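The task is to assemble the complex, starting from two chains supplied on their own in separate frames and drawing on the hints.
Sequence lines, in order, name chains A and B.
In case it helps, my numbering puts the first sequence at residues 1 to 455.
In case it helps, my numbering puts the second sequence at residues 1001 to 1400.
Hints listed in this document are in silico derivations from the structure and should not be mistaken for laboratory results.
Among the hints, a few may not be true.
[Claimed, not checked] Per the computed footprint, the stretches of chain B lying under chain A, defined by three or more beta-carbons under 8 angstroms from a beta-carbon of chain A, are: (1) 1064-1070; (2) 1094-1104; (3) 1278-1289; (4) 1292-1306; (5) 1386-1393.
[Unchecked claim] Below, a list of computed lysine-lysine pairs in the BS3-like style, where the Cα atoms sit at most 25 angstroms apart: (6) A/K299 / B/K1009; (7) A/K300 / B/K1009; (8) A/K437 / B/K1201; (9) A/K437 / B/K1050; (10) B/K1050 / A/K301; (11) B/K1009 / A/K301; (12) A/K301 / B/K1017; (13) A/K18 / A/K109; (14) A/K404 / B/K1019; (15) A/K301 / B/K1019; (16) B/K1111 / A/K437; (17) A/K409 / B/K1017; (18) A/K18 / B/K1050; (19) A/K404 / B/K1017; (20) B/K1050 / A/K404; (21) A/K16 / B/K1050.
[Unchecked claim] Restraint-style ranges between C-beta atoms, simulated for each label pair: (22) B/K1027 / A/E83: 44 to 54 angstroms; (23) B/F1177 / A/E119: 55 to 65 angstroms; (24) A/Q28 / B/P1382: 29 to 39 angstroms; (25) A/G190 / B/F1177: 46 to 56 angstroms; (26) A/I357 / B/P1020: 31 to 41 angstroms; (27) A/T314 / B/V1014: 27 to 37 angstroms; (28) A/G87 / B/L1003: 19 to 29 angstroms; (29) A/A43 / B/V1014: 47 to 57 angstroms; (30) B/V1379 / A/M407: 55 to 65 angstroms.
Quantities reported herein were computed from a predicted structural model and do not represent experimental measurements.
Here a beta-carbon is modelled for each residue, glycine too, at the ideal position from N, C-alpha and C.
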Amino acid sequence: MAKVIKLKKGYNIVIKGKVVSEYLDIPQPATFAIKPTDFEDIAPIPKLLVNEGTKVKAGDALFYDKDRPDMLFTAPVSGEVIEIRRGDQRRITEVIIKADKQIEYKSFKKADPNGLDREKIIQYLLGSGLWQAIIQRPYGIIANPEDTPKSIFISTFDTSPLAPDKDVLVKGKGAIFQAGLDALRKLTEGKIYLNLYHDRPHAVEFEEAKGVEINYFSGPHPTGNVGVQIHHLDPIKKGEIVWHVDPLDILTIGTLFMEGKYVPERIIDFAGPGLKATGFFKTYIGACVENVVKDNLIKKKTRIISGNVLTGKTIEANGFLGYYDHLVTVIPEGDEHEFLGWLLPSYPRPSISKSFISGWLATMGLDESYNVNTNMHGEERAFVVSGQYESVLPMDLYPVHLIKSIMYKDFDQMEGLGIYEVIEEDLALCEFVCTSKIDVQEILREGLDLMRKEG
Amino acid sequence: MNLRHAISKPIRNVFDKIKPHVQPGEKFEMAYTTFDAIESLLFVPDHTTKSGVHIRDGIDLKRTMITVVIAMIPALLFGIWNAGHQHYLAIGEFAGVREGFLLKLLFGSIKVLPIVAVSYGVGLTIEFISVTIKKEQVNEGFLVTGMLIPLVMPVNIPLWMVAVATVFAVVIGKEAFGGTGMNILNVALTARAFLFFAYPKNMSGDDPWVASSVKDGQALVDGFTGETPLAQAVENGTNITSVSGEAIGLSDFVLGTIPGSIGETSSVAILLGASILLITGIGSWRIMLSVVLGGLTMGYIFNLLGLNAFMSVPFYYHLFMGGFMFGMVFMATDPVTAAQTNRGKYIYGFLIGLLAVMIRVFNPAYPEGMMLAILLMNVFAPLIDHYVIQGNINRRLAHG
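Chain B with its partners taken away, still in its complex shape (with noise of 0.2 angstroms):
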């Protein structure tokens, strides 16, 4: 208590200080917006009740944000250090797991911080810019967009790119249907589509998941294959080798050391995050689960059709291959562009787990059938939920 005091104090009498001058209509009310984000970021405002209710639950966005970003860390950890492991893979070094640790974190840190740097760099800058126009406070949404970004990259993204990207989606695919809370799309998966339709060739192929190529002059194992598990399984099923052409399976699905976009390799530590997700209550279990329903169902009819390699692929390796998991997780869940009802979140996220195999394994050029899905449902989430109140209406009028 007398330390949160000591450490608070001082910073609160700067805050005193400065307050007075920002206001609006005084010398730098043009701060005022960025002066109350920092303040209410350090200090939870001093604001009582004033109708209604006298007392207020605990929790706030930033709160509920943050969980959120906590639940993220363990795939972006997993994900710093996947992305060295991969490259040392791939030019033949410490190709044990257990090998080279902190060099492959170093190297990670070196592609991936950067990402995360940009992404957040980039949105809270056009975040503040719009608030100080329309007046408003700064929403804590981003706080989790701006690294669900990153996470659905690859890791040889040009930097530029997750920029543009990051504009895209922060002003078309948020600001102009009116900030967070308003959004149809889920905006980190609007920036991931606007690349994965803008530039293919950086989001998909042989070159975007493993930091290292040909063109880098560096020397590569042979039976290299920069493809990620899930492109493999389009032609070869269950036949999958990893970055230095050994053959692997569903333990290193599970446990994530295989090429793919940052934090969605690793089911171990996206479970992780879902755990801490379904502990706080903060993600919705009838969404996971719902989705989980769904992908094992089209996986398994697929597995009864069987007319091809890839339909053979056991349904349940749909779950842990590509970014099923990550976005049942991360995505599926956003409050905002899911369906709200309880009953329209079964039926959203049984129809996103079906899609989600059913676009992977119809479509193979778009493996990455877990963000059409999901984006498709974002966009259908409305008309769920505009049946079931309907059937909620309905009731009300018969049994009246």
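This is chain A alone, in the form it adopts within the complex (with noise of 0.2 angstroms):
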């Protein structure tokens, strides 16, 4: 029997509105689009290799980043390119393709990914539109091939709001999961080390692969982030460099090599308390969400996030699912004056505060569920309150000190206070707790890029 981690520090955020098993029989969105801004360091104009009008198959590649032209971006879908929209300074925000009825894809050479050497391997994932699928601790960065990583992790398990469970998809594609480890083995000389929830039941797929290690983790939200795992199980020293990867990109791998196809299929959550009717539906990449969303809005002024409260982006009523999204979360915004809210608030609300009785109910275990919305509940102050973050973040790290010495970027400070360890997702509680109501995730990005550039 693999070892239980047991993680204590932690909490979890129980919102209204969780799909448990609502199929959503709805059609499959026209577009869908992949976006520029979903990776973390590509420049702000990749080279285009579509026009609108382009026709493409699944798996066709779109653009490349200037720097790295071996890695392309492809279509999760065939169709039309219909559109190439545009930010500021001419930034390339969405590249939207019109989905055919019946999907068409580019073929790849089927290989059984245990016969092909390293080298091979890479090109098929950077050829195929997967490579951006791994990413590379420390920064949260798409791994670059040239480095080889001391080991790769696989978190199978979102424990943040809202998340659906992973295992879905997997189910009985056991050997496909499979092919995608092996192709994943021959990318590291370290251990895969392949991480389940001890807490809910699981696929036995994840239980049956092989070449992996399996540890077992338990606790609260951010049990599942895998800069946490990594935390527990083989930390990141200086130099060091590790790889994770998501099991649905997995699976997409495993599909590339096996069926010689790039599939990246989905299963979306619509969750929340905005949505009329929430529920989940399979997709690929990128899908729009608008067949969803419209006409399933409880109040105008809504917030849609393609991924969970913590750490997701907000995107339009018409807007496209993230590249590494599996959730799209609906809130009510909450622009309202609250008439002496912060003495007596007007309605429940999350909170670790046990000045509350939402913080009492969390502390005895019991997860009552909350109506939330997108108010701040206050004003930002300095860092008056000791001990908040630490409650909330199972690392041995001090996260207040970490976000002080980005503040006067101090790089030996931010070097040995962890900044290796951690990217945003894992201080984002530390920010929803934050009394002061600081921008702990934008702080600690900023922090990341300083220490990249300079560090």
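Here it is, written out as structure tokens:
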């Protein structure tokens, strides 16, 4: 029996509108988009390989980053490129494809990854649009194919608010998943860590995986974050590199090798208290959310988030799913004045503070679910309260001091305090609980960028 | 819900009418910070999340600070009553605890509430002026400081001294360091320390603690002493008398019917406040617990040595005498000036308890060891944190 790593610190924000099993019987979205802005470190204006009107198959290249011409960004579906949307300073924000009814796939050569060498596998992944599924720690950026990581991590569960299980897509696809793992196996000389959630049942396909070290984790969010798992199993020291891959992308990688097709399937949950009807449906990366969201919002002023409420990005009602997301969260905006709200809250809200009943319910392990909104519930202040960040971060790390070291740009301190071990999602709960309403994730990203450029 | 709406709607309308005129660049822009402070006190702003997380915890600094103020109310109310009680004891009327309740309350209110008013009035004025100059927002920190200052004052303190001390503490102790969250020393203790060293006659000895003195021409009871039990213990050990010369003991200290600073005497009232801080998680149990352990440890060591009367006072007496309990609950736990790491909090608290008792016993000229111990450890808190954090850094380098 593999070991169970029990983490106590953290907090599950339980939000109303969780998807249980409601399948959304809706037509496939008409449009899909790949957004260069989803990728942490590519140039704002990548080199386009298509124009408006170009016909593409699923797996055909759309654009590439000028610094890394080998690494292609490919179409998730077949169809016609109908729009290349640009934002500030001509930055490309979306490459939009009108999907065919019947998807055609670019054919890649089928191959058994076990018979291929490392170089060959890297070429496969770079050329198919799957390389960007491999993320590097530190910094949370797309992996550099020239590096060899000391290990590869796979977190098979997502503990963030309203997040769906990742097991569903894997069920019955053990062989494909294994093929994906076999490909990854060639990329590192170290271990592949496959981490399972001890607190929920999981797909046997995960447990039966070969060539990996299986570990079980137990505890509240952010236990599912791969950064937390790396910290406990194989912490990153200066100069070391760890890669991680989402299990859904491993399936896509497996499909690429076994079937010679790029099929970036996703099961997306549409969840949250802002929706009349919640549910899930099966689609592909970059799906337009309009079909689900239209006529389904309870309030007019609503925020649609690709991802979860802690780290997701706001999208429009006719916007597109982010490349790495498998959840769309819809919550009402909170742009209302609340009379004496700090003293006598007019509705229950999630909190770790025991000055609220919510804080006590959470402490007692009662998962009350909340109607959340986007109100700040207060104004930004200097750091006053101590011990709060630490209480939701299951890592041996001093987050407040790390954030302060970034504020005064002390590189040695940042390094010593563990900036290599975290990215935004790991400190997102710290930002949520912060009494002083400090923008923790934004500051951390500044620090990470500083470290990369100058550290 | 509807009641809230009915009350808030007209108020909201007024604010919405005024708001455009105080915006930066408009006619009354000078009033912006003041307007903003009052508006955000009455209404949580309509600000929504812009970057990072999309939802925020319900807690904010206002709620945090007001919880601490609420926790101090029992000590304040008891202090008001006790100011009256000590007064009537001294002139030999209503000697019983249950007698003359309303009169004592009235007398105490007349003495204490002006001190509270001066503290808040002066402190908030400085706060508003300084944020208007700096074009920042009014910070909630002074809500707590403004209440702490009166509670650590003797009841006979002249009001102008309260004002001067508040000015000193807020300007030199806090604003000079950059405002709330940046100060090294606890602001209220800075005020008290300032008075203690600048006007020692008004802060120690016989006169300050009981609101009646020979100077007022009142006839005092035979055997009157205005000394606090703590001051008496220096000479007499546990042979301590009340204001009216009767022997008193531990139960009187716990109840708090003794002379002392306005808010510090009643352990019961302070512990009521402590329970609010602990239940809400706003006061650090780590610090409170370790202060108690530090105090008991030093007291016990002195008991073993037993070289003089004060050393022989049972070690647990120290918790209930002088400002120990009040300092532990409301001062040592100030998150800005305390150690910030959990490990650091244990060390910080333990040393406060230890030093408080040590200073008391070794240096009878400073019976308020608690104040000095906390201020001293305020200074050392960043150092303690530094070593705790350096330990973390070294571990990271070692396993790396």
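For each hint, the structure was consulted:
1. 1064-1070: Per the Cβ count (3), the hint holds.
2. 1094-1104: violated (count 0)
3. 1278-1289: Holds, because 5 residues of the stretch 1278-1289 of chain B bring their Cβ atoms closer than 8 angstroms to Cβ atoms of chain A.
4. 1292-1306: violated (count 0)
5. 1386-1393: Held - the stretch 1386-1393 of chain B has 3 residues with a Cβ nearer than 8 angstroms to chain A, which meets the minimum of three.
6. A/K299 / B/K1009: holds (21 angstroms)
7. A/K300 / B/K1009: holds (22 angstroms)
8. A/K437 / B/K1201: violated (45 angstroms)
9. A/K437 / B/K1050: holds (12 angstroms)
10. B/K1050 / A/K301: OK: B/K1050 and A/K301 at ~15 angstroms, within 25 angstroms.
11. B/K1009 / A/K301: The given pair, whose Cα atoms are some 21 angstroms apart, holds under the 25 angstroms limit.
12. A/K301 / B/K1017: holds (24 angstroms)
13. A/K18 / A/K109: Given pair A/K18, A/K109 is violated - Cα atoms ~41 angstroms apart, limit 25 angstroms.
14. A/K404 / B/K1019: violated (34 angstroms)
15. A/K301 / B/K1019: holds (23 angstroms)
16. B/K1111 / A/K437: violated (40 angstroms)
17. A/K409 / B/K1017: violated (43 angstroms)
18. A/K18 / B/K1050: Satisfied, since the Cα-Cα distance of roughly 24 angstroms is no more than 25 angstroms.
19. A/K404 / B/K1017: Roughly 40 angstroms separates the two Cα atoms, so the pair is violated.
20. B/K1050 / A/K404: holds (21 angstroms)
21. A/K16 / B/K1050: Between A/K16 and B/K1050 the Cα gap is close to 22 angstroms, so the pair holds against 25 angstroms.
22. B/K1027 / A/E83: 44 to 54 angstroms: holds (48 angstroms)
23. B/F1177 / A/E119: 55 to 65 angstroms: holds (59 angstroms)
24. A/Q28 / B/P1382: 29 to 39 angstroms: violated (59 angstroms)
25. A/G190 / B/F1177: 46 to 56 angstroms: The hint (46 to 56 angstroms, Cβ to Cβ) holds, given that A/G190 and B/F1177 are roughly 48 angstroms apart.
26. A/I357 / B/P1020: 31 to 41 angstroms: holds (38 angstroms)
27. A/T314 / B/V1014: 27 to 37 angstroms: At 33 angstroms between Cβs, range holds.
28. A/G87 / B/L1003: 19 to 29 angstroms: This hint is violated: roughly 47 angstroms between Cβ atoms.
29. A/A43 / B/V1014: 47 to 57 angstroms: holds (52 angstroms)
30. B/V1379 / A/M407: 55 to 65 angstroms: Violated: the Cβ-Cβ distance is about 23 angstroms, outside 55 to 65 angstroms.
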